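A.B. asks: Spelled out from the first residue to the last, the chains are:
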Amino acid sequence: MRLLEFQAKRLFQEAGLSVPAGRLLRSPLAARELSFPVVLKAQVPVGGRGKAGAVKILQTPPAALAFAERLWDADIKGYYVKSLYAEQPIAADAEYYLSLYVDSCCNQPVFMTTAAGGVDVEAATAGGGDAVQFTPVDTTLGLRDFTIRALARSLNVSATAGFSAFVKALYRLFLETEATLIEINPLVFSENSWMCLDAKMMLDEKSAWRHPAMYRRLKSEQETLVARKRTPAEERALSEGLNYVRLNGAVGLIADGAGTGMLTMDMVADAGARAANFCEMGGLSDAQTMSRAMAVVLSDARVKVLLISLIGGMTRMDQMADGIAQYLNRHECLPPVVVRMCGTMAEEGCRTLRRARVAVFEDLETAVRTAVDRWNGE
Amino acid sequence: MTILINEHTRVLVQGITGTVGAFQTRIMQAAGTRIVAGVTPGKGGEEIHGVPVFNALAEAREICAFDAAISFVPGRFALDAALEAVSAGVRLLVQLTEGIPDHDVMALLRYAADKGTEVLGPDTPGVLSPGKSKLGVHPDAMFMPGPVGILSKSGSLSYEVGRQLTRRGIGQSTVVGIGGGPLWGLSQEKILAKFNQDPDTRVIVLLGEVGGTMEHDAAAFIRRHVTKPVVALIVGRTAPPGARMGHAGAIIEGERATASSKLQALKAAGAHIADSVLEIPDRVGAILKMDAPSFQKQKRR
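Those protein sequences? They're chains A and B, same order as listed. Going by the working numbering, the first residue of the first sequence is number 1, and it counts up by one from there. Going by the working numbering, the first residue of the second sequence is number 1, and it counts up by one from there.
Please keep in mind that the hints were generated in silico from the structure rather than gathered at the bench. Just so you know, these numbers come straight off a predicted model, no measurement behind them. C-beta atoms are modelled at their ideal positions from N, C-alpha and C, and glycine is treated no differently. Some hints could be false.
[Said to hold, decoys possible] In the DSS-like style, the derived pairs of lysine-lysine whose C-alpha atoms are separated by at most 30 Å in a straight line are:
(1) A:Lys206 with B:Lys43
(2) B:Lys267 with B:Lys190
(3) B:Lys190 with A:Lys206
(4) A:Lys77 with A:Lys168
(5) B:Lys194 with B:Lys289
(6) A:Lys82 with A:Lys56
(7) A:Lys168 with A:Lys200
(8) A:Lys51 with A:Lys229
(9) A:Lys206 with B:Lys115
(10) A:Lys219 with A:Lys82
(11) B:Lys267 with B:Lys289
(12) B:Lys115 with A:Lys168
[As the list claims (entries may be wrong)] Label pairs and their in silico Cβ distance ranges:
(13) B:Glu279 with A:Asn156: 45 to 55 Å
(14) B:Arg224 with A:Thr140: 25 to 35 Å
(15) A:Gly47 with B:Pro145: 44 to 54 Å
(16) A:Thr140 with B:Pro199: 28 to 38 Å
(17) A:Thr224 with B:Ser276: 41 to 51 Å
[As the list claims (entries may be wrong)] Short, incomplete list of chain B residues facing chain A, as computed with Cβ under 10 Å:
(18) His103
(19) Lys153
(20) Leu157
Only chain B is shown next, with the shape it has when bound in the complex (with noise of 0.2 Å):
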């Protein structure tokens, strides 16, 4: 099994005659993804690669049946067209969009949290079940399926991890980026609750970095209900406090939003701790290597 997506995920695709929606279409179809159907306004009746475009969503779904959707509608339009996602009723919205007004995304995540819509972004990679499906846009090559479950604010430090630990022969059941902040749909909490149920992730790598404290609630639920191994690295250890470093939500503004605080309380609520990337295979082969029964947390202190 995955979390949020599987091999059956039947996807539609907002904003699929953009360039950049086209040529991820393709790729996402490429990673196996079932892409049933694509909306622009206006472009109703045109063919992207074998998938059928309508105007709306509500047209789409006369024809077609669709579970989630991936949104590649930029900023200024990116509101509506979650709205009209949600109002769809999709389980699943994928909000690549970057630069999306934080009341606009305040106004979707409220709506979403009504209907019952679960949202990963914005700003976000999205998420890969490596030879299942993927909704996103990750590089695929360098995954692959396993039972290491990675969850992560950046994209690019999860491609990483993923290419070092499919380097070393470890799979991943599932790959999902939150995104960058300062809002975000899907917490840490939210996927590492996920993973925990999921029958096939057997280890749980947790990405993190400076800024905010959104680490301090993911630590508290491992310590409550994580009953899986989890292995954390927080990124910025020698980033200077004040400086946004590359995400909005990546400023160091107060003791709990650096480093070693969140470290330290992941270390507090039983995590593995990897000082550095390199650590991670070896601790994550190390743990992989133990008997099923004995996957647990490290002792509390």
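Okay, chain A solo, but in the shape it has when bound (with noise of 0.2 Å):
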């Protein structure tokens, strides 16, 4: 769960370390109502905001009241503003990078660092050269005074009694909150403390049922701020808690495993189609699933046809199948079902798809075919 960066921000407040003052407005209106000047952000998900034109340090209330008028509804990147944070602007004379991350190399929390931060970071970080330096955390030792003054000097900093602090209650934060990544960019060292001017965090949804109050809030927050441009059946997938991924054909897609579900949508692509989607029920599917899932990749009214590709591993396949003819059972004037089953309970479920005059393969390739050959009108 990406946060936003006032919510990010708050949690940084409880958790000790300096940001500038600040406030969220929840209408453009409220904009002219601030000390000036400030800096007006977005609150979008998505980083690169500067560039996008979403921030901007205005030094009138007019001037303020425009910005704010313009940005509101605006997408960015894929999502609509519905709400601005104003801060105090900073000025400082360095610019630093620093993240703390779940580092899926060594399993461990590992500090990036770098003394060139600003808007050019991902330019410096994508080159990994000796301008960023990786710092890894040992769980078991926790945060010691020698990983701070290593930090320290790969910033190019004293490693101050003020620069200890702020990184303990960082990481404190990082174990306390259970983030997957903070990063502060820029983070500077301002009247005498080290302050961060913006802040990415996401968080580990997985551990949510430790800690309600704190995703109570912040949840019930993104359901008003966050708005994303999606289409019905994106919707649809969120609700449903699929894993739904838009893409641009016409071949609808559902899989009951990830890399059959990848392979299916290549092989696609290879026959000369293009898949409308890609949807994966995940391991322990019944046929409520199946059904769910057809109904999400049918509300696209691209799909002209319909390639469920399964092998059953946990799933059994004459759930799949039951769910399947239901479905079609149901609904009537839809586009051509394609169905690959093999595995778990296969032959129940191919007689129950026979029954229902499904066209079902056991082969990948066949089906994969067959359908394509479907949606060239075949």
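Put the two chains together into one complex, using the hints given.
C.D. replies: What follows is the structure, encoded as structure tokens:
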């Protein structure tokens, strides 16, 4: 779960990290009632807001109002602006970059730092040159002074008590919220303290049950303040809890595994068509999951043929076939449906599908070819 | 021989009294797995498919010897159960559970590293040595014993490839699913090292996907250390950047996470690249037809 900047900064503040004084604006009119100069920042959960024109320093109330009105409901990288964050501008000589994340190579927290922070940090980090340093933390030791000193060296600053307190507070916040990423860019030294001018935070929703109060608040805010451009199929998939990715083609796709789902998607492309979507049901699916996935994918009018790619391991093919047959029974005028089915209880499943007059194949290649032929109108 | 498990591996099942745990226990037994004990706190004294159930691993340890554990324990209780298994000194822990918080996985893998326990997963279909033993949920009928080692992030993709090989009469030494990420106990690199040393594995099939950079580490390891032929396939070639393709780790973020950069690295390391899954049996079959001494990687470019 990616937090909005103001949400992350509130958590920062509660953890004892310094952030500029700020206020959330829930209407453009509120932009007139600020103390100036002010920085206005669109609250959308994406990076590169500055370059997208969604962050600006303003000197007067009319200018702030004009900017806020222009930005309100505007589309910033697929999200509509529903709130602005107003902050006191902070001037600084140097901009640093510091992030702390769960690293999938060493399975431990790692700090990534560079003294060359700011809007072009991606160029520096992508190159992976000497400018960027990685400092792991051993969780059995916790955050020790030698690690804090290494971080100070990497940023070319001195490891003062203030710096140490800043890093410790950050690390504590990372543990307490079970974040997977906290990124501060830029981090500046201003008025004798380390101050976080921007804040990006990703939380691990798999741990939400351990933090009910925190998630309740964050989610209720995001329900009203995060508005994404979504198609009806995407909306439906979200409410059904299915992994659904919209693509540009006309072959609807449902799979019972991530690997075979991606494989089928690639094979559809190799056969000269394009998938309309990627939809994976997960390992423990039943007949209802299947019907719901069909409802999601078929709510997309671009789908001219539906290809269901099943290779039963944990999923039972008899149940999948029941789900498919039930859906087809209840709906009419559907595009052609082609099923690939093999694995656990596949014999029973295929029998059910043949009775329901569904094209079913044991072989993936044949299923893909048949689906693409149907799309071609053959 | 096989890797990770064999017909002698003595297995303890954590969460054996749950619906999935009990069901899969019976299927694993049918696949030849020697299941000697099960654990569910509070259910000690019961019996599941002839397997005695204990309240704790320490209790089970007093009655019988086991060297591997497989866990069906759900996400909220998974860390505690896994730490218990590591603390009881199991050599291998197969962590099937999906949805364990990342900070819990970090704690588990750190402790396991200290205690010398190898962890497969989390979110893995497990490991299967056809005809010998299975600590996982693979559909056995798609596999048969033979010389090919399969290493996959995705369970379903390893079933697909196993099925295609088996239909062509090419069997498998061991089939390993490492899991969908974003954190992994045993990595591709560590499994490659084991296959490379296993005398009964003659060809290694590496099934990767878009997202993350693990395949680049695997490529570097193949270049430096792997003497056996590797056939590699990366799925998700047509996936858009920034979207999560089913697995937590399958998101294209940055050039190194793309299929093309991974394929390029694997090719440069000497792996045979399969453009499609249908090519894998042909490639593997051709390699196996060659004389034993010439089982070499492709010449480096």
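A.B. asks: Each hint needs a verdict: does it hold in this structure or not?
C.D. replies: Taking the hints in turn, this is what the structure says about them:
no.: 1; hint: A:Lys206 with B:Lys43; in the structure: holds, 27 Å
no.: 2; hint: B:Lys267 with B:Lys190; in the structure: holds, 19 Å
no.: 3; hint: B:Lys190 with A:Lys206; in the structure: holds, 27 Å
no.: 4; hint: A:Lys77 with A:Lys168; in the structure: violated, 34 Å
no.: 5; hint: B:Lys194 with B:Lys289; in the structure: holds, 23 Å
no.: 6; hint: A:Lys82 with A:Lys56; in the structure: holds, 16 Å
no.: 7; hint: A:Lys168 with A:Lys200; in the structure: holds, 18 Å
no.: 8; hint: A:Lys51 with A:Lys229; in the structure: holds, 20 Å
no.: 9; hint: A:Lys206 with B:Lys115; in the structure: holds, 26 Å
no.: 10; hint: A:Lys219 with A:Lys82; in the structure: holds, 15 Å
no.: 11; hint: B:Lys267 with B:Lys289; in the structure: holds, 22 Å
no.: 12; hint: B:Lys115 with A:Lys168; in the structure: holds, 28 Å
no.: 13; hint: B:Glu279 with A:Asn156: 45 to 55 Å; in the structure: holds, 52 Å
no.: 14; hint: B:Arg224 with A:Thr140: 25 to 35 Å; in the structure: holds, 30 Å
no.: 15; hint: A:Gly47 with B:Pro145: 44 to 54 Å; in the structure: holds, 50 Å
no.: 16; hint: A:Thr140 with B:Pro199: 28 to 38 Å; in the structure: holds, 37 Å
no.: 17; hint: A:Thr224 with B:Ser276: 41 to 51 Å; in the structure: holds, 46 Å
no.: 18; hint: His103; in the structure: holds, 5 Å
no.: 19; hint: Lys153; in the structure: holds, 7 Å
no.: 20; hint: Leu157; in the structure: holds, 3 Å
The structure shown violates just one earlier hint, number 4.
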